[in-house]
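Colleague: Here is what each chain is made of, one letter per residue.
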Amino acid sequence: MNRPTDEEIIAYVDDALPGDARAAFEARMADDPTLVEEVARHRDTVARVRAAYPEVEEKSFDTQALAALGLGGAEVVDIAPARDTRRARKGSPLIWSGAIAAALVGGILIGRITTPAADIVVPQHGQLVAAASLEKALNEQPDGGTGAIRIGVSFRTLAGYCRTFLRADGYAGLGCREGDGWVIPAVAKSRGAEPHSADFRLAGGDFPPALMAEVDARIVGAPLSSAEVDRARRAGWR
Amino acid sequence: MSDFRRQLIAVLPRLHRLARTIVRNGQDCDDLFQKTIQRVLERKAQWEPGSRLDLWAARIMKNIWLDEVRMRGRWSRLVQPIPEQDLLSDGGLAAEDIERQVEARRVRALTEALPEEQRLAVKLVLLNELSYAEAAEVLEIPEGTLTSRLARGRVALTRMIAEGRP
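From first to last, the protein sequence lines are chains A and B.
Quick note on numbering: the first sequence equals residues 7 to 244 in this note's numbering.
Quick note on numbering: the second sequence equals residues 2 to 167 in this note's numbering.
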C-alpha cells in the first residue's frame, strides 16, 4: 500500500475525507505508528494556529456604519431647488450622490418640509441657511449634549467646518460654515426618532444613514475631538 | 430596501470576519472591507440571484487583496515592514501567560510568513472555518489546487513549529 499523501493526511485531520476514504485511512493508521504521529503533529499545528489568533467579537453594523458603507436608506428631504452647487466637493459637480438620489424616492419634498423645518432653516440667495435658533446651536454648542437641537459630529471639509444636528422632532441635517453663517446642504427626517421631550438622548442611530453618507462624502480626516470643537468655536468656525 | 441590500447587510459580519482573516493588521482590515463593499455595490448587477452572495463578495475581497499584495510587492523595497502591533508586556501576567503570548506570536509570525497562496488557504480553512469547497470557490481555484496549497502550507508550518523557528 502506498503511504497517504500530505493532502490526504491534512484532509483526514480536517475531517474532510469522504466516509470510505476515511475508513481506509484509519485502517492504515492501525498498521503505521509513524502515520499516527504525523496526524498528531498536524492536529497540534491546527490547535496552535487557532490559539494564536484570538477570536474577535463579531462586528455589528448600526445605521451609521451602514450609511458609511453606502448601504443606508432613509427619507431625505430634497432641497435641490435650494442647493448651491458651488458648495459641492471638489471634483464632484453634484451634492447628491447616486445613492442619495435613490434614497430620495419616497422622501419628503421641500414643499412639505418647509412648514415643520421653517423655524430652523430659511431660504436665502438660492440656498438654505440656518435660522437664528439653529445658527446659535451650531455656533455655540459642543458635540452631543442636550437641548432642543443637538449637535452630532463636527468635522473639517475642503471648504471649512461642518456639523450635523438633530432636532427633537427627528429632523436631522448638516450645517456647513460659510462666511458668517451656516449653509444647510442636507436635511432629512430621521425615521426612528419620534421623541418630543426636551431632554431626549442623542444616539448614533438617530441620524438617517443618507445624512451620514453626506457627512462621509465631505469629511476630511477624523471628526473633531471636543477640544478641537472648542478651539474652532472660539475661533468663530473659521 | 432592495433584496440585494438586505442580503448583503445580513452577510456583513461574515465578510468583516473574512477581511480580518485575510489581512495582516487591523487598519488594512477595515480598508479592505470597505473597498469590498464598495465594489460589491458597483457590481451588483453581475451577481446571480440565488447564488451565494457571501462567497461572491468574498471572491471580490480576495481579488482586491491580491491586487494590493501585488502592488505592495512592487513597492516592498521602499516600504518599511509593518511591525507586529501587539506589544508584549508583563502587565501583571503570570509566567505561563507570557509564555503563551510569546508562543502565539511566534505561530502568527510563521503563519503570516507563508507564501501568500498557502497563507490564504491555511487561514481560510483553519480560522474562517470554510469547507474545502467554499475556500476553493472564494480563491477561484479547483478544489485539488486548494488541497495542495493547504497541505504545503500546513506541512511547512508543522515543520517550522517543530524546529522551534522564531
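Note that these hints are calculated values from the structure, not bench results.
Backbone N, C-alpha and C define an ideal beta-carbon position, used for all residues, glycine too.
Please note that a few of the clues may not be correct.
[To be verified] Quick partial rundown of chain B residues pointing at chain A, CB under 7 Å, derived from the structure:
(1) R6
(2) R109
(3) N129
(4) Y133
(5) A157
[Unchecked claim] In silico SDA-like pairs for lysine to any residue, Cα to Cα no more than 20 Å straight-line:
(6) K65/A <-> K45/B
(7) K142/A <-> C30/B
(8) K45/B <-> G76/A
(9) K65/A <-> T22/B
(10) K65/A <-> C30/B
[Stated by the list, open to error] Far from chain B, some chain A residues (derived; all Cβ distances over 12 Å):
(11) D50
(12) T51
(13) V55
(14) G76
(15) L164
(16) G227
Colleague: For each hint given before, does the structure comply? Return the numbers of the non-compliant ones in rising order.
Modeller: 3, 5, 6, 7, 11, 12, 13 and 14
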